[in-house]
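What follows is the residue order along each chain.
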Amino acid sequence: MTNPEETPQPADEGQAQEELSVARLVTIGEDSLILIKLPENVPSGYQIIAKIDVAETTEELDAQPGAECFARSIACGCKSLSCACNNLKIL
Amino acid sequence: MQSSYSTQILCHSQYNYFVDRPEGMVGYNARTGTFAIFSKETGRILQDKGAIESLSAIDAKALLDMGFLHEGNEINLVVSKFEDLKKQQDTLSLTLLPTLSCNFSCDYCFQNEYRSHQFMSPDIQAATLDFIQKLILDGRRKVTCTWFGGEPLLAKKIILDMAQKINQLIYSENAQLIGSDIITNGILLNAVTAKELSEVGIKTAQISIDSLIFKTKTKRGLVDIDGNPSIILRNIMEARDFIKIRIRINVSVNNTNEIDEITRVLDSYGLTGTYGFGQVNDLEEESDYIVNSEGYRTPNSHSNGCSSCDSSVGEEKSLCLSRAAYAKVEQDKFLARPDSLQFVISKLEPKVHPCSATSGYLFVVDPAGYISRCWHSAGVPSESMGNVLDLMNSVEESDVAKQWRSFSPFAYPACRNCSVLPLCMGGCSHPRVFMEANKPPCEAIKQQVQFCVDTVGTTLEITPEQHSTISIKT
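Taken in order, these protein sequences are the chains called A and B. Under numbering that gives the first Met the number 0, the first residue of the first sequence is numbered 0, with each subsequent residue one higher. Under numbering that gives the first Met the number 0, the first residue of the second sequence is numbered 0, with each subsequent residue one higher.
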């Protein structure tokens, strides 16, 4: 097992630039609302990239222009913000 | 460059997916939800075509952080998030059913076997409010509330009255209403009702439709036989002024040939982006169970290829697409559309739990006051944790609550070893909790994951800065 403490010392900027061959583009995570930046030829409404802290209330959600909580995108009945259930229920 | 970082114990994640792009290789990790771009060389290593040891230390650390590599047993990282959330009991997801009665009789409805026409009595309403207050006082201070049925708007007065009281309760206890919504067939959701719901804080209505042509009491269609908007579509357009509308298209063998026309009509009314698909399925049939005349689920003793022996099983079965067939319909008819990108992205969002039932957040109260963990248990007393009229003991101490609490999707090898586990977390758990289901309830994402990754991975804009970062080794 690698001891977590053995993780490398931070390299100086020049070294990082030279060695890094990976770059994070975006993270779709349960703790944040993500809107992904897309090329301009994609239909409007999906062209912004932003990491937005999860809104605590509906009012906060509504106040975020363009933001849409995916957990609420189609109601599933259990929309706690930590639960992104896709099991759409049948009425 | 030879790594100065010990990469010998690093392993490839089983949740990695890749897309080739001219700029390099885009990867997606389903456990962390991260999209990243790699040099071709790094991409090859991550695809197990090169030695991890040849990664630079700084790359290895970044890849570890983003989940493309892992140390130790990767499943433990998924399990620990699942278990940790169960310890954070600060959220209360309420689903209240003021009635199980309905003004429609859809042949596929999962409640048909145990439908009653009872409405929540004043005693049960009062006891339900007491129960909610107790849960808030126990520390569940973030509250969501969903009104469900039957058709809940048959009990509009109960909803309006109780919603107002719940709001007062939340306010007086200094808790927080995160969201409130209603699931309805839309027949009664005219402008007046939508305004009334909005005034008591109900912000969203999910309306389910299932066909193009409306037929009284049986087909929730968008247009009448003469092509004019049906009562449901007229109500959707009226209600939108007061309440957010989400439309669910129930997909079954009956309407797959109508889907294109249904979505065309919705689009023509400016409803693009407000609708999604849902599968009509039959959990009892999948588990080889039936619902007997007393409303109890029992193993189907006549299942030797003769499902027609029991009409409650046979009728629904004939309506359901297989899970794989549904996944293809949803992908071809919906996800492949450019304007569905948001839904594609949402399918790639890692989950912590399959739903609020397993997290312990969800409390479903049916018209008779029975409290359960799952919508499928509403109206089924044998699956309840107690009744609001008889709360001598904590519902959390009931056998059913313990059954839910001890449930783990990781106990099932099919899920434990699945490469999309973080995206579904085992799917709907009800059949496993109550029907000893042995087939994994795979969600559509299992069939669609590479399509979704391809769609997002090829469409993501890569900034010059991001590209320059990886250009050295391409």
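It is worth saying that the hints were derived from the structure and are not from the lab. Please read all numbers here as calculations on a predicted model, not as lab measurements. C-beta atoms are modelled at their ideal positions from N, C-alpha and C, and glycine is treated no differently. It cannot be assumed that every hint is accurate.
[Said to hold, decoys possible] In silico negatives: residues of chain B with every beta carbon more than 12 angstroms from chain A:
#1 SER345
#2 GLN465
#3 HIS466
[Claimed, not checked] Not everything, but these chain B residues come out facing chain A in the computed CB check (under 10 angstroms):
#4 TYR16
#5 THR31
#6 THR33
#7 ALA35
#8 THR41
#9 GLY49
#10 ALA50
#11 GLU52
#12 LEU54
#13 ASP58
#14 ALA61
#15 MET65
#16 ILE344
#17 GLN449
#18 ASP453
#19 THR468
[Unchecked claim] Part of the chain B face toward chain A, derived, beta carbon under 7 angstroms:
#20 PHE37
#21 LEU347
#22 LEU459
Each hint tested on the structure:
1. At the 12 angstroms boundary, the C-beta of SER345 of chain B falls inside the reach of chain A, the nearest C-beta of that chain being 4 angstroms off.
2. At roughly 4 angstroms, the least C-beta separation between GLN465 of chain B and chain A is not larger than 12 angstroms, which violates its mark as non-interface.
3. Its closest Cβ contact with chain A, about 8 angstroms, brings HIS466 of chain B to no more than 12 angstroms, contrary to its assignment away from the interface.
4. Below 10 angstroms, beta-carbon pairs count as interface contacts, and TYR16 of chain B has none with chain A, the closest being about 13 angstroms; its hint is therefore violated.
5. For THR31 of chain B, the shortest C-beta to C-beta distance to chain A is roughly 7 angstroms, which falls under 10 angstroms, so the interface hint holds.
6. Restraint check, THR33 of chain B versus chain A: the minimum CB separation of about 5 angstroms is within 10 angstroms; hint holds.
7. Hint status for ALA35 of chain B relative to chain A: holds, with the closest Cβ pair at about 5 angstroms, below 10 angstroms.
8. Because the smallest distance between the Cβ of THR41 of chain B and any Cβ of chain A comes to about 5 angstroms, under 10 angstroms, the interface hint for this residue holds.
9. Taking 10 angstroms as the C-beta cut-off, the interface hint given for GLY49 of chain B is violated, the closest approach to chain A being about 12 angstroms.
10. At about 15 angstroms, the closest approach between the beta carbon of ALA50 of chain B and any beta carbon in chain A exceeds 10 angstroms, and the interface hint on this residue is violated.
11. The restraint placing GLU52 of chain B at the interface with chain A is violated, with a minimum CB-CB distance near 13 angstroms, outside the 10 angstroms limit.
12. The restraint placing LEU54 of chain B at the interface with chain A holds, with a minimum CB-CB distance near 9 angstroms, inside the 10 angstroms limit.
13. Of the supplied interface hints, the one on ASP58 of chain B holds, with its beta-carbon coming within about 5 angstroms of a beta-carbon of chain A, less than 10 angstroms.
14. Proximity of ALA61 of chain B to chain A holds as hinted, the smallest CB-CB distance being about 5 angstroms (cut-off 10 angstroms).
15. A hinted interface residue such as MET65 of chain B counts as satisfied when its beta carbon comes closer than 10 angstroms to some beta carbon of chain A; here the least separation is about 6 angstroms, so the hint holds.
16. Annotation: ILE344 of chain B was flagged as interfacial toward chain A, and the flag holds, the nearest CB pair being 6 angstroms apart, inside 10 angstroms.
17. Checking GLN449 of chain B against chain A by beta carbon gives a least distance of about 16 angstroms; that is not within 10 angstroms, so the hint is violated.
18. Contact between ASP453 of chain B and chain A, as hinted, is not supported at the beta carbon level, the nearest pair being about 14 angstroms apart and thus beyond 10 angstroms.
19. Because the beta carbon of THR468 of chain B sits about 4 angstroms from the nearest beta carbon in chain A, less than 10 angstroms, this interface hint is met.
20. Residue-level restraint check for PHE37 of chain B holds (minimum Cβ-Cβ distance to chain A is 5 angstroms; threshold 7 angstroms).
21. Against a cut-off of 7 angstroms between C-beta atoms, the interface hint on LEU347 of chain B holds, since the closest Cβ of chain A lies about 5 angstroms away.
22. Because the smallest distance between the Cβ of LEU459 of chain B and any Cβ of chain A comes to about 6 angstroms, under 7 angstroms, the interface hint for this residue holds.
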